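Asker: So the protein sequences, as listed, match chains R and B.
Heads up: the first sequence at position 5 corresponds to 5 in the working numbering, and the numbers run straight through without jumps.
Heads up: the second sequence at position 85 corresponds to 1085 in the working numbering, and the numbers run straight through without jumps.
I should point out that these hints are in silico values taken from the structure, not numbers from a laboratory.
The reader is advised that the hints may include incorrect statements.
Claimed, not checked - Pairs of lysine to aspartate or glutamate residues, derived as EDC-like cross-links and limited to a Cα-Cα distance of at most 16 Å, are as follows: (1) B:K1287 - R:D226; (2) R:K87 - B:D1222; (3) B:K1087 - R:D103; (4) R:K83 - B:E1274; (5) R:K238 - R:E211; (6) B:K1083 - R:D71; (7) B:K1112 - R:E45; (8) B:K1003 - R:D71; (9) B:K1112 - R:D71; (10) R:K87 - B:E1274; (11) B:K1205 - B:D1244; (12) B:K1004 - R:D139; (13) R:K3 - B:D1139; (14) R:K4 - B:D1139; (15) B:K1238 - B:E1292; (16) R:K83 - B:D1103.
To be verified - Sample of chain B residues at the chain R side, in silico, Cβ under 10 Å: (17) K1009; (18) D1012; (19) S1014; (20) A1037; (21) R1041; (22) I1050; (23) I1097; (24) T1245; (25) S1270; (26) E1274.
All figures in this text were calculated on a predicted structure; none of them were measured in a lab.
For glycine and all other residues, C-beta sits at the position ideal for the given N, C-alpha and C.
There are 2 protein chains.
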Amino acid sequence: MSKKISIKKIADLSGVSIATVSRVINNNGRFSESTKAKVLRVIKENDYTINAMAQGLRNQKSSTVGIVIPDLNNSFFADLVGKIEQKLFLKGYSTIICDTNRDPNKENGYLKMLESKSVDGLILISGSKTSDTSSIPHDIPIVCIDRQSQNQNIMYVGSNHYQGAVLATQRLIEAGTTPSLVTGSRISTSITDRIQGFKTTMIKKNLRLQETSIIKLTEEQDNSPDTRRQELRKILRKLLSKSDTPVGVFAISDALAADLLIAAHSLLISVPNELKVIGFDDSPIAKYCYPELTTIKQDTNKITDYASSYLISSMQNHENTLNGKIKLIDVSLINRSTV
Amino acid sequence: MSKKISIKKIADLSGVSIATVSRVINNNGRFSESTKAKVLRVIKENDYTINAMAQGLRNQKSSTVGIVIPDLNNSFFADLVGKIEQKLFLKGYSTIICDTNRDPNKENGYLKMLESKSVDGLILISGSKTSDTSSIPHDIPIVCIDRQSQNQNIMYVGSNHYQGAVLATQRLIEAGTTPSLVTGSRISTSITDRIQGFKTTMIKKNLRLQETSIIKLTEEQDNSPDTRRQELRKILRKLLSKSDTPVGVFAISDALAADLLIAAHSLLISVPNELKVIGFDDSPIAKYCYPELTTIKQDTNKITDYASSYLISSMQNHENTLNGKIKLIDVSLINRSTV
DNA sequence: TTGAAAGCGCTAACAT
DNA sequence: ATGTTAGCGCTTTCAA
């Protein structure tokens, strides 16, 4: 039961004061090469590691950041989290993960906990709605991803969802369809941006928005793959019956697009001849669709690069010079085989 | 720039000593109802939150656990992490996530960091090989998932991979095939267990293990979906040409099974008539395969239940009563449409 | 029922 | 170049 060793023990063992040990650990202040060597040796021999809680208490910083996400099972979020965590670790930060499961109460609980743990920064990813900011820790840098906050002082980075929708809609129109947009039951700022991009493009191309232009699944329908597919079959039948040109669908996510493709398959609708589909995200599933899914790719590398460097720089210049900054990341159309 | 408020401030504001404040916060020791009310009110008014670093330093515990995984992009791992995190949060622990990207050096770095942060417990998920235990923090409870450790004193929980392979192999045999097993380039204790289950079942059923019984992709082939599928096509052609009964394949993961199905599709091989496939994991992709993938389901609810309650109980009875415990979780065969 | 004070492990200001 | 010490915010023993 080897108790954990403290700086004091190291000081005794190397015959110097704790101040000196602290200096060599932090490579700060001056000390002779010989003491440095000695102390370092003792540290290694006893494999001493600094006590981050004591250090944090003293320095008023934890070298920890919190990351709040709606759902780790969503591969897009998991991707973001993984990348951010890796980048932060390289800079000496550890990250506490908080999966809110889209529950606002839970989110509040997490925020309280994170404040209590004195996180140096916060990354807030998406989320149904911009939660009541009351429980947001005071005075620490925050960057939001895909979650617009009314609070002006929060940095924002996210894909240019609007642009993505424009790209998709244009492509579908160029392919000779009068596209419809199909969306799930969930709503968020990124979703509304996409819908807006769709609408604007339709109008710009002189296509009238009809009843079937924007189709929204109910929560119940969206609940499981099976109910979703069933509904999607109905939708497809209706769409196909109304049109003698190919039908185009911009699906709000790759998951939805994949379900759509399955529904089409079971209806013996041929893709991309009778039906053309574009998804959003370029999630791993896109390459497992049949045919492989044409989609809008979100550049998670860039998103996480910006997010983490924003956060780091504003954690370091404690004055937050980047307040209110907004960064929109370009998306791109990945041409595969569903258009 | 409202500085964070401390217990001292609360004490002053409520006209009591810090000791009393501490007592009411922790609901411990005795104090009058009236002081309790007063203190609580002041706390609420100033929305004070306890400083976890100070508390941790004093109590020698951080209420934090570390969770080390090979790859957050793998949906199976992400699932585990999400579930564990949620369960731990309910019990008052926050979790630091460490995505090693399968890099042993990085893993060591993470372990050092976690030790430094004084995590109260550790969850180690899978990983290529049981890493050199040298940098594992001393004397804290650890539970491994899908990672057998030579260290006797570490709890283990994982699926019964052997049983899963037996189930799959039997099913394939009963369906009239002489199954082959196809595996990726990666190796781990769970994979070897599955291979063992396959072999044993083959032998028990009086089927000879041939050259084509166990097929292993090289790292290069396994590198991208495209190279993988190309190789899988070769394999399928060979397998189909050798047999005039249906061909059965037990794929070591759902991802591999999905690639196999795609390869089969492009070869116009009909599933499940000419080819029968069983995967492993029941990952989200299984329901997006065409036909929907028959697979072995790992019960991540049970796995994470055991893992988190083992960990919690041994963090609480500081004496680790559960040392060396091993828990194998049953898997089940999910019948869908590829057999 | 409440308060005073020591001490968890560390850093930095001040002294030498 | 190195040592002494106060204090970060908390809990807990001891005293009142």
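Asker: Hint by hint, say whether it matches the structure.
Answerer: Each hint tested on the structure:
no. : hint              : result
1   : B:K1287 - R:D226  : holds (9 Å)
2   : R:K87 - B:D1222   : violated (26 Å)
3   : B:K1087 - R:D103  : holds (15 Å)
4   : R:K83 - B:E1274   : violated (42 Å)
5   : R:K238 - R:E211   : holds (12 Å)
6   : B:K1083 - R:D71   : holds (10 Å)
7   : B:K1112 - R:E45   : holds (15 Å)
8   : B:K1003 - R:D71   : violated (32 Å)
9   : B:K1112 - R:D71   : violated (28 Å)
10  : R:K87 - B:E1274   : violated (47 Å)
11  : B:K1205 - B:D1244 : violated (20 Å)
12  : B:K1004 - R:D139  : holds (9 Å)
13  : R:K3 - B:D1139    : holds (8 Å)
14  : R:K4 - B:D1139    : holds (9 Å)
15  : B:K1238 - B:E1292 : violated (24 Å)
16  : R:K83 - B:D1103   : holds (15 Å)
17  : K1009             : violated (14 Å)
18  : D1012             : violated (20 Å)
19  : S1014             : violated (20 Å)
20  : A1037             : violated (21 Å)
21  : R1041             : violated (18 Å)
22  : I1050             : holds (6 Å)
23  : I1097             : holds (4 Å)
24  : T1245             : violated (26 Å)
25  : S1270             : violated (14 Å)
26  : E1274             : violated (17 Å)
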